[in-house]
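Chemist: The residues making up each chain are set out below.
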Amino acid sequence: MKSYKLLYLLLPLFLLFSCEDFITRDHPTSVTDNDFWQTQSQVESALGSCVHLPYGCRYWSTPYYNRICFEGATDNLYHPGFWLRAIRSIGNSTITPSETQIIREFWENRYLLIRRCCRLIENIDKSYFTLEEEREHILGEAYVYRAMYHMELLFYYGFHEGVPVMMESLSGENIYMGRQPVDVAADLILEDLDKAEQLLPFKWDEGRSTRMSGATAVALKSTVNLNVKRYAEAAAEAKKIIDSGMFELFYTPSTDNTPGKNYRDLFYHVGEVNNERILYRTDGAQGGWRLLAPGINGAAVDVPTRPIVDAYETKQGKTIFELGNDSIEIYQKDPLYNFNRDPRLYHSIMVPGDDYSFPQFNYKYNPFDNSSVDHISQGNASPTGFVCKKFADPLDKGTPDFGGIDYMIIRYAEILLNYVEALVESGNFSNPDVVRYLNEIRRRADMPDIDVSVYNTQDKLRELYRRERRIELAFEGQRIWDIRRWGIGEEVMNGQVLGAFNPASGEFVQVETRFYDSPKNDQWPIHNAEITTNLKLKQNSGW
Amino acid sequence: MKKKRKTRCFLTESVRKTLFKMKLLTAVFFSCVVVAVASDSYSQQAKFSFNLKNVTLREVFDEIEKNSEFILMYSEADVDLERVVCVEVKNKNIQTILKQLFDGTSNAWKISDRQIVVNQGESKTVSQKELLSRDERLDDGNLLIRGRVFDKSEPPQSLPGVSVSIKNTTRGTVTDEQGYFKLTANKGDILVFSFIGYQPQEFLVEKSKLELIISLAENIQNLEEVIVTGLTEERRLNSISSISKLDISSHLENKPVTQLSQALQGGITGLTATQSSGIPGADAAEIKIRGISTLGNSDPLILVDGIPMDMNNLDPTTIESVTVLKDAAAAAIFGARAANGVIVIKTKRGEPGNVKVRYNGYYGVQRATYAPEFVDGPTYMKIINEATINEGGDPRYSQEAIDLTKAGTDPINYPNTNWYNLLVHEGSINSHSVSVSGGSSLARFSLNLNYLGQQGFLDNVDSERLTLRVNTTVTVAKNLNVNMDFNAYRTDRREPLDGANWFLNRIDATLPTMIPKYPDKGDGIDYYGKDYTSSIDTNPMLRMEKGGISNWLNDNISVNIQPKWTIKDKLNFRGQFSYRVNSSITNEKRDEFNYFDYETGQLLSTFKTVRGSSQGRSSYYFIGGNLDYTLEKDDHRLFTIAGYNQELTNSGAWDEWSMISTFGKLNYSFKDKYLLEGTLRVDGSSRFGKGNKFGFFPSVGVGWVINKESFLQDYNWLDIFKLRASYGQLGNENIGLYRYQSVINSKTGIESVFGNANITWETVTMLDSGFDLAIFNGFAEITFDWYDKLTTDIIISPPVPLSAGIKSSPINAGEVRNRGWEFSVNLGKQKKDFNYNVHLGLSFNKNKIERLINGPYDNNTSINKEGYAINSYYRYKTAGLLQESDFIGQDENGSWIPKEGIVIFDGQAPGDIKYLDTSKDGALSVDDRTIQGKRFPSYNYFSNISLGYKNFDFEILLQGVADIKGYYERHHTNPIDMTDHHTPFVEQTDYWTPNNTDAKYPRLLTDPAYNKYSSDFWRYDASFARVRYIQFGYTLKGKDSKKIGLSRARFYLNVQNPLTFSSQSHVDPESRPSAETYPLVKTYSIGLNLEF
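So the protein lines, in turn, are chains A and B.
Oh and the first sequence: position 446 is 446 in this note's numbering, straight run, nothing missing.
Oh and the second sequence: position 621 is 621 in this note's numbering, straight run, nothing missing.
Mixed in with the good hints there might be a few duds.
[Unchecked claim] Once the Cα atoms are required to be at most 20 Å apart in a straight line, the calculated EDC-like pairs of lysine to aspartate or glutamate come out as:
1. A:Lys520 - B:Glu892
2. A:Lys397 - B:Glu592
3. B:Lys690 - A:Glu105
4. B:Lys690 - A:Asp35
5. A:Lys333 - B:Asp394
6. B:Lys608 - A:Glu44
7. B:Lys546 - A:Asp401
8. A:Lys520 - B:Glu592
9. B:Lys807 - A:Asp401
10. A:Lys397 - B:Glu892
11. B:Lys690 - A:Asp26
12. B:Lys747 - A:Asp401
13. A:Lys536 - B:Asp927
14. B:Lys807 - A:Glu272
15. A:Lys520 - B:Asp927
16. A:Lys397 - B:Asp394
17. B:Lys747 - A:Glu44
18. A:Lys364 - B:Asp891
19. B:Lys747 - A:Glu105
20. A:Lys538 - B:Glu850
21. A:Lys538 - B:Glu592
For the record, the hints were derived by calculation from the structure and aren't laboratory data.
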């Protein structure tokens, strides 16, 4: 019997024999920080994981950042699309802090990317680079990305109160970040951009033009300064780009006689490679066709409203409101009347009765024809009677979802407009550059020069640059920030949203009622998931 | 029949049973006298002193049995028991005594072990011929039948002394020492094999079967039954643990149960099985034992024939037993994996006997338990118009369009579609199982082949499964037995490429005013209606017909080899080696489809060709062994076991998980009255980092069988009364792999796992006490258990702020307590023609977080907070709907101004949900959420009733839960919500308007932003009682079934989930769907069991 007992004693020894190796199974395909950050190519791919530029209209992937859709939350556009309906809720202020789509995912995504940038910046020195200057380039790009993401967060969520700013990859208790006031946040963003400017070439060659450049950093500095109302700095940064001589407004090689063809082709394949772009997303405007009416294979996801249509001047450079009441009524009821409006209208928006946009397809836009699939009550049709056609090159009709041009995130015209605005707002409105650069933009669009007899005060020039900026950069994602910067939310975002004139009812189409409270609606709410887990961060005022 | 006679011997009952399977003496007419002797040495060593004069042989036999361990076996026809003899011996062995007794008589005797067989002796043994000649009724049709009788133990032991008689005659024989018998009988006679302590068995004589192997099952009282506890088996009487056994015949046999986990619903106290989907092939139930003790994976450990595996792909017809180990004493031997309880499953093995072929099959039709009822087109249009007007827009539809839709005269331009009726149809299920089993003392086998086919409610949703199991047992040598099992299954499941749930969502979301498909134009093109709820082509009809199909194929093969070596008497070595490979592959297939506009013929979009496939695989092995030893001396019994095992899983792209374990257990009982048990297990797991890999899990248990005490001896009606208590620790290592490491993608540097190097086990410390009571000779059994289960070092990944840019990493964060009780009663009676059984169970569990580091953890709509249940609902409190009387009026912009004391969100108006400012800070915000009930039920109950009358049987199972809250989600809340589009349900037409202020739903808004908050406005009582099944059967056996060439046949009708009782009729209270949940099913089936 004793021998058996001995056997029992032996059993646990098995355990000792099978050493701890057997139960050590580390992750098979991943590595730790100690193993990574060795080579240049690793750092390059790490930079790749830091990149997420906004799309124009492709709207179906997280974090759903596409600037045309975002503009659906402004007085330029109305967003009837069922996808991304949060945009519409932002527009009419029914958005709530528990909205998961935009409010949450954009915020979460941006901080995730910022953390990746931080990690790259912290670890890049460990790696071996064959080309030492590439280390500087990559580092510079990481700074630009980090700054740009912070800027977006600041403008969307913290326009008045600021946002948390992450300047290093955090761990432990430090992950609970408090808010940095706008000025401090702006300083930190500008600090990154200053560093980047030093590290990066001012402009890349065409082959590497998708990379962040010194000019991008400078352009972003101009935008940040402008929005925090540091006008002198904003003007100075914009001027750097103007003075570099490396950028210019695009003029098309097309030989047709269509007025505004330069502006038109800037958003067509023919103008895709140009010297106007400063930052762009490759194929970012894919899906642009989807903005069109169903009658031409679109889905009218974001549709223009009456205010922007009315904002286009006449060909003679007058606003329709400067004309007599009869004329106002004519243009409001029929924006197509005599084709007598800023050509940019006809290259950006389809209005009722439009048969000139796609003559090659024998297409006419008839939103008030009961039998048409484009009728305002039809599925996927525009409920306003207007359709956004900027970015819809006829070449892309066969591939409405995936065809498309690059989408410009920052272009030279915007920098000119930044510069003009900074001059006007800093009191330097009599600077000849104001009229000069506004005219450059207007001439390119085949519009007459400014009537300086009318636009000669700060107020009048403010009115003008604001209108010019709205028209020139329509649907390019600037309007939401412009409204906030100019403090015009309550004025333009309240009340009934109207569409085109409906001859059947004899009234303008009514779409919805919007509400806007400033300063509350100048900032999106922070998602509740952040507020409930991060006790250092309080919800934006009013939300 | 002659009077039965009971031997007396002084072996303890347990010894007699375990050693000889022969508790009681046979009493048969052709009987032998058998005397059992422990061994040759016992018969040599046992010395007797008798001084018996002029006594009958019967009295001598009694004396021998009284004073020794011998059992005498004899036939009264062979031995003259009334013969007067004298025995005078002093300190002599048994041989001497027998010699004295039988010398000079015709009787011969033989001793083997402790068994003494007395018979007629060579010369007088009745030859077959003599037998024949004695019986005048014999005719030419008689048959000579040879055979051998075994018990059902492993390895099978031959049974000597079994009476083999021909029914309704006096003819018969008795098996010899090796269990052999010979007999002549007529074709059509019924042989009855009977032996005390065993269930009698009948056999119909056929010409084709003259060589018989018969195995008799022990006749076991419920509390004497043997319970499979994974590593060992123990008598329920000796068990100290809280163990429940599933009644296989009630829950599995002949039920259209597609996944074994579903069969655990009702029948075991303390266990909750919740089914959340009815998708064919993906409809397993989630099982929780004794509450949620962890925030991570709280699934119990499932062992099938000793090996951890998924129970859901077992063929239910192959299951022999399902045992649930609930307390620490029972589960501690499984250490680190046992914290959530252990379910031990044993599959059927072959038994000695002639080859038997059985068929089990059923066919059923299936319907959803709950079907949504949508409003029709015109109502929908009216509702949308109302909502857009409420928001300041123009009505979307003209009155003319509404009227035309209603009239239905122009279905192309003004369609009115009921998508549910269009796409959802009845499902079906059919299953066919064939089993072949048999064997001898050398080898036993059981082969099972099962086909299960299911058609879902939607086209292209179906599932097929083929299961093959071959269980073989080989007796290699007298003391070496090897189980060699092979199991393979293939599942083949199809769903549309978009997934079945997608379609259910689209059925809810697609407008009733959309045409599914246009009439044929004659141009060979299929035209489908367009959808404006989304800008991609989401017409479910289009997607169903042209959207492609996903096909999953899963193959799983496993072998399980278990040698059992009896090294020496009562010392056994058991080994186990198991190996399993699993391979799965998905195929996605769609053909190019151009989607044209019906009116204009324009190309709207193109479905691109999809030809995709992806693969998965995994392999697993388990190797282990243990030694057990039983020591019995006088009134003491000591059972010890110790062992070691290791296992390794390698799955996917080389994800490995390994464990090593060593364990020991000691079980001591004194007079079967006082029971004591101790267990110890050490586990090492690869899921933890250096220094945290090993866990140590002890347990102790005590039991007291009170009815064995002398002061209760007189209470004959008391069968069993046992008190028991146990205390011990169990572990839970069930967290994701590599959580101790912080790793990054080796190519991109993206952080993938945010680890915690210090993470370690969760420990469950459980106290259990209870009693088992059986009364009135098995008529009623009552079991009660109380437990207190404290999980410490609970692993949780606290929510991190979105702005941190990192995912959560796990920490050992606190303590959770589950406290509760379980009560079950089983009543049953078997009469000649009538039997009934009633099984009732009730359990209660209360879950509470005792401690939470850095808590509470706020997950927006749920919270983990000290003092409350895990994942308690955390939502706004409401007080119905806002009415105009709550407001002063509107301002110039149209905004409503609330009266003093009423707090609203900006933009709220009459008809919106009235939230309460519980924080009293004058504004509504996340601070106003309150804890609003728990996710898991407090009470679980079931009632299973079965009745049998002659050949008819009837059975019903009712199961339910109570004290649980549910919340309507998504489509079941606001009538419309364009951000998550859906067609309103009929009952959602009861929405608020100025004329319907007492409405069930808030006012209409296309984006009811503020009315979408998770609040108690959408809460309901999710208690329910569900009739799980009703079954009615008819059995044909014996001569009746022989007429149709079968030895047994049964026909039955079954309804699964026919009735549900719930406080609300809107959603299924069990699956509690949000929008896109494939519903649970009601199955109406007919089935057939045949035995050849």
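Chemist: Evaluate each hint against the coordinates.
Modeler: Outcome of the hint check:
A distance of roughly 19 Å separates the Cα atoms of Lys520 of chain A and Glu892 of chain B; the hinted pair therefore holds under the 20 Å criterion. Taking the CA atoms of Lys397 of chain A and Glu592 of chain B, the gap is near 18 Å; set against the 20 Å cutoff, the hint holds. A threshold of 20 Å between alpha carbons decides the hint, and for Lys690 of chain B with Glu105 of chain A the separation of about 37 Å lies outside it, so the pair is violated. A threshold of 20 Å between alpha carbons decides the hint, and for Lys690 of chain B with Asp35 of chain A the separation of about 19 Å falls inside it, so the pair holds.
In summary, the hint linking Lys333 of chain A to Asp394 of chain B is supported, as the alpha carbons are separated by about 18 Å, within the 20 Å threshold. Of the pairs offered as hints, the one joining Lys608 of chain B and Glu44 of chain A is violated, with about 34 Å between alpha carbons and a cut-off of 20 Å exceeded. Of the pairs offered as hints, the one joining Lys546 of chain B and Asp401 of chain A holds, with about 19 Å between alpha carbons and a cut-off of 20 Å not exceeded. At most 20 Å may separate the alpha-carbon atoms for a hinted pair to count; Lys520 of chain A and Glu592 of chain B exceed this at roughly 49 Å.
With a CA separation close to 33 Å, the supplied pair Lys807 of chain B and Asp401 of chain A exceeds the 20 Å bound. A threshold of 20 Å between alpha carbons decides the hint, and for Lys397 of chain A with Glu892 of chain B the separation of about 46 Å lies outside it, so the pair is violated. For the hint linking Lys690 of chain B to Asp26 of chain A, the alpha-carbon distance of about 11 Å falls within 20 Å, and the restraint holds. Restraint check for Lys747 of chain B and Asp401 of chain A: not satisfied, since their Cα atoms lie roughly 31 Å apart, outside the 20 Å limit.
Among the hinted pairs, Lys536 of chain A with Asp927 of chain B is consistent with the structure: their alpha-carbon atoms are about 15 Å apart, no more than 20 Å. Of the pairs offered as hints, the one joining Lys807 of chain B and Glu272 of chain A is violated, with about 39 Å between alpha carbons and a cut-off of 20 Å exceeded. With a C-alpha separation of about 19 Å, the suggested pairing of Lys520 of chain A with Asp927 of chain B holds against the 20 Å cut-off. Of the supplied pair hints, the one linking Lys397 of chain A and Asp394 of chain B is violated, its CA atoms being roughly 31 Å apart against a limit of 20 Å.
Of the pairs offered as hints, the one joining Lys747 of chain B and Glu44 of chain A holds, with about 10 Å between alpha carbons and a cut-off of 20 Å not exceeded. Restraint check: the Cα-Cα separation between Lys364 of chain A and Asp891 of chain B comes to about 43 Å, which exceeds 20 Å; the hinted pair is violated. Our distance criterion of 20 Å between C-alpha atoms is broken by Lys747 of chain B and Glu105 of chain A, whose separation comes to about 25 Å. About 29 Å separates the Cα atoms of Lys538 of chain A and Glu850 of chain B, which puts this hinted pair outside 20 Å; it is violated.
Proposed proximity of Lys538 of chain A and Glu592 of chain B is contradicted: the alpha carbons are some 52 Å apart, above 20 Å.
The structure shown violates the earlier hints numbered 3, 6, 8, 9, 10, 12, 14, 16, 18, 19, 20 and 21.
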